[in-house]
Amino acid sequence: MKFKTLLTIGLCAGLGSGFAAGRTWTSADGSKTFEGDFESFDKDANKVTVTKNGRPLTFSLEIISADDQAWVKQQPSKQDLEAAAEAEAAAAAEFADSEAGKALRKTKILKDGKFVDFEYESPPKYFILYYSGSW
Amino acid sequence: MKSYNEKIVTNPDVDMVHIALEDKSPALEWAKKESFPWPHIMEKDMGRFLGKYFKNVAPTYVLIDRDGTVLANGKAAIFAKIAELAPEA
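Chain order of the listed sequences is A and B.
By this note's numbering, the letter at position 91 of the first sequence is numbered 91, and the numbering carries on one by one without gaps.
By this note's numbering, the letter at position 62 of the second sequence is numbered 197, and the numbering carries on one by one without gaps.
Accuracy of the hints is not assured; some may be wrong.
Here are the simulated DSS-like cross-link-like pairs (lysine-lysine), alpha carbons at most 30 Å apart as the crow flies [stated by the list, open to error]: (1) B:LYS137 x A:LYS111; (2) A:LYS114 x B:LYS179; (3) B:LYS190 x B:LYS179.
Bear in mind the hints are in silico, worked out from the structure with no lab data behind them.
Everything numeric in this text was worked out from a predicted model, so none of it was measured.
Can you build the whole structure from these sequences, using the hints too?
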């Protein structure tokens, strides 16, 4: 469960900040390159944000090579990620108010030999209900 | 436990919730003995919701979505359905 929680948190963080991906970027005329981690693409403003040596750089899509432009356009845009995060938040809120969500509010998890309250930061889409006893 | 570790732990779209037939104390002892990693809920804490899915037959597995719609019954059918609906990235 710890790994699953970390994975979920990692995915949520990814939705919020974009998926950092190291890449060698080439200028539109092919004369210059630099290394940087892709952070986000704002498709409304047509701007790319890249982190270079820990510092964010934002530039117009047109100043990079056609290959880099095509690669950027394949990534989820900032707007896509925000829309997905909003949809997920709405779905989570809807679940919390649903009959299933209410029924699962008193869920516990084993921690340090005790049952402690457990709440999903982002509830899964599907639940396996395992009905059983120790006998 | 093997199926859970291999197919559920790494899949953020699915989780398993154990509905304990016992009271909290024996359920806790069992969970501690087996080091169950999944969430638990006591049967009595689920109210009328539970009766929609289980008819006093245990162990039983039911796959539901967030709306509470039943998608599959039984372990084999559930894992087949998960592979169809939520394959791991």
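Unsatisfied constraints (hint numbers, rising)
none
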